[in-house]
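Build out the structure end to end from the sequences listed, making use of the hints.
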Amino acid sequence: MKKRSVRREINRLSAIRRSFSRVFAKERQDLLESIAGSTIKTAADIQRLHDCLCFIRAFPDNKELHQRASSMLQDFDSKVAKLSKSQRIILADSGIAGTDLYYAFSYEVASWIAQHFPGMTSVDWAELENTDRLDELMDHLVESSEADYFDSGWVDAREWLSIATANHSATRFDWLMLQMAERLQHARFLTSLYNAAEIPLRCELSDTAISKSANTLVVDDIYFRRDGMRSRIAFPKREIRRRLNSVKWLSAAEGKRVLNVAMSSLAARHRETIHFNYANPGDVYIANVGKGISIAVTGLSAEHRYPLECTLGFLILSNGVPIGYGGASVLFKQANTGINIFDEYRGSEAAWLWVQVMRVFHTLCGCNRFIANPYQFGGDNAEALKSGAFWFYYRLGYRPVEAAVRKLARQEYARVQYRKGYRSPRTILRRLAKCDMHLALPGARQAELFEESWIESCSLLATREIAGTGELSRKKALQIIARRMMKDLGLRSIRNWSRTEQETFVHFCPVVAAADPGKWTSREKKTLIELMRAKGGQSEVNYARRLQAHEKLFLTLKKKCRQAS
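Residue numbers for the sequence shown follow our numbering, beginning at 1 and rising by one.
A portion of the hints provided could be inaccurate.
Stated by the list, open to error - For lysine-lysine, the following DSS-like pairs were computed, each having C-alpha atoms within a straight-line distance of at most 25 Å: (1) LYS560 to LYS525; (2) LYS26 to LYS291; (3) LYS552 to LYS487; (4) LYS63 to LYS420; (5) LYS525 to LYS558.
Unchecked claim - Now the in silico label distances, taken between C-beta atoms and shown as ranges: (6) LEU244 to TYR375: 20 to 30 Å; (7) ASP135 to SER19: 23 to 33 Å; (8) LEU244 to ALA15: 28 to 38 Å; (9) GLN502 to GLN185: 15 to 25 Å; (10) LEU178 to ASN245: 44 to 54 Å.
Because the hints were derived from the structure by calculation, they are not lab data. Where is the CB? At the ideal position from N, CA and C, for every residue including glycine.
See the structure below:
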C-alpha cells in the first residue's frame with residue numbers, strides 16, 4: 001500500500017483532532033508515528049502540525065498520545081532547522097521553537113524576558129529607524145565620565161553600545177535591561193522613556209520555555225479525553241452559582257511559576273496585559289474545574305492596583321497547557337470581563353470554559369452580575385463581528401442593556417433558531433453591538449449596579465477632595481485627607497499596618513472621603529477600615545469580597561456619583 005504524503009497525513013491529523021473515540025485515537029497514534037520520521041519541507045505544514053500537537057498535548061486521548069505529542073514538541077526546533085531559509089523566515093512570529101519573534105515589547109515584558117531568558121533577545125536595529133528616543137533613555141544610563149563622548153555626535157546609540165559591551169557576552173539588550181534595573185530610584189521615569197522609544201526586539205526562541213512548543217505548567221495528573229469536548233451547558237446560571245471547593249491560594253513560588261507560563265503564552269503571540277505584567281506572585285489562586293481544566297486567577301501588586309475596582313487576570317490551562325486568558329474588573333457585586341481562547345484551541349469548548357471562569361469569580365469574589373462591553377462581541381472589532389460573537393454571549397444568558405437592542409436581539413435570535421442555515425447579516429450584528437450586555441444571576445438586582453462611568457465620577461470626586469484642602473503640595477494634601485479620615489473613622493494609628501497597607505490607605509482616602517463616612521455607624525466604620533486595609537493587603541481578592549459586602553459605601557458613592565455627573 002502506497003504511503004500517504006506527509007502533507008496529507010498532517011491534513012488528516014488536523015481534520016480529526018476534535019474527534020474522539022478509540023478508532024480516532026489509534027489513527028492519531030499511527031499518523032504521529034509516521035509523521036515523526038518524515039521530513040517536512042514547508043512552513044505551512046510545520047505550522048499545521050505544530051497546532052495539532054499543541055491541541056493533542058492539551059486534550060490527549062491517552063497516555064501514549066500525550067507522551068508522543070509532548071516529545072515531538074520538545075524536539076520541534078530540529079524540524080524547523082531542516083527547513084530552507086526562506087521557509088524558516090515565513091515562520092517568524094509564529095511562536096514556534098526554533099523561530100524568531102519580532103516585537104517592541106513594553107519594558108515590563110522586556111525586563112521579564114531579560115531576567116528569565118538571558119542571551120535570547122537583541123535589539124532589531126534594522127527596524128529602529130529613529131534612535132532619538134533611545135538616545136534620550138541612554139542619556140540617563142551613561143556615567144558622567146562617559147557623557148561627553150556619547151553626546152559628541154561622533155557615535156550613535158548602537159555604536160556606543162558596541163563599545164560599552166565589548167568585553168562581556170551579554171547582548172546589548174541584556175546590558176540595557178541591567179542598567180535600568182540598577183536604577184530603581186528612577187524606575188518609573190526610565191520605564192516611561194523605554195516605552196516611548198518603542199525598541200523593536202528580536203527573540204531567538206530555540207527551545208526556550210517562552211515558545212508555544214515548550215510553554216506548559218507541570219501538573220501532577222493528566223486527564224485523558226475519551227468522551228470528547230464538552231458542549232454548552234444547558235443551565236449556565238445554575239452552573240455559575242455552583243460553588244467551587246477546589247480554589248487554592250498558591251505560595252509566592254508557585255504563583256511565580258504560573259505567571260511565567262502566563263507571560264510566555266502572551267509574549268509568544270505578540271500580546272501583553274496589565275493583569276500579568278504587574279501581577280503579584282503572592283496573589284495567585286488556582287481552581288480545578290474538572291477534566292484537566294484549571295483556571296488561575298492573578299491579582300495586581302499593591303502599587304499597581306486601581307483606587308476603587310479590583311482588577312484580576314486569569315489564565316485557562318488544560319493539563320497544564322495555557323489555552324486562553326482574560327481579565328476582570330470587579331466592582332461591588334459585578335465583574336466586567338471577557339475571554340480570549342488562543343487560536344490553536346478554538347473550536348474546543350469555549351462556552352463551557354467561559355461559564356467556568358464566571359463560576360470561579362462568583363466563588364472568589366461573590367459577583368452576581370457579569371458585564372461584556374461591545375468590543376467583546378463586535379463593537380469596533382471586525383474579528384468578533386465576523387465570528388458572530390454576540391450569539392456566543394447571548395446563548396449563555398447575556399442580554400443587551402438597552403431595551404431597543406434587546407428587542408432586536410429577540411427578533412433576530414428567533415430567525416437564527418428557526419431558519420436553517422441562517423446567519424445574521426453584519427449590519428444587524430453591528431446594531432446589536434451598540435451597548436453592553438449583562439448576565440445577571442438569580443437574586444441580582446438592577447439597583448445593585450454601579451455604572452462604569454461612575455468610576456470616572458469617583459476620580460472627579462477625589463480631585464475635588466484634594467483641591468478642597470487648599471494645599472498646594474499634593475503630598476501634604478493627601479496627608480491632610482488621611483488624618484481627617486482616621487479621625488472620622490476613630491482610627492488612632494495605622495503604624496502596625498504593613499508599608500503597602502499604609503501607602504494604599506493614603507491614596508484610597510480621597511475617594512472614600514467623598515462618601516463622608518464620619519456620620520456612619522460604628523459597624524459601618526469598622527468594616528470600612530477593614531476594607532481599606534485589605535486594598536493594600538497581600539491578596540486583593542480579600543478586598544473584592546469586602547467591597548461587594550459594604551452596602552453603605554456602595555449606596556453613598558452611587559448617590560455622590562449621580563450628583564457629580
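Hints and how they fare:
| no. | hint | result |
| --- | --- | --- |
| 1 | LYS560 to LYS525 | holds, 18 Å |
| 2 | LYS26 to LYS291 | holds, 21 Å |
| 3 | LYS552 to LYS487 | holds, 19 Å |
| 4 | LYS63 to LYS420 | violated, 41 Å |
| 5 | LYS525 to LYS558 | holds, 18 Å |
| 6 | LEU244 to TYR375: 20 to 30 Å | holds, 28 Å |
| 7 | ASP135 to SER19: 23 to 33 Å | violated, 57 Å |
| 8 | LEU244 to ALA15: 28 to 38 Å | holds, 36 Å |
| 9 | GLN502 to GLN185: 15 to 25 Å | holds, 20 Å |
| 10 | LEU178 to ASN245: 44 to 54 Å | holds, 45 Å |
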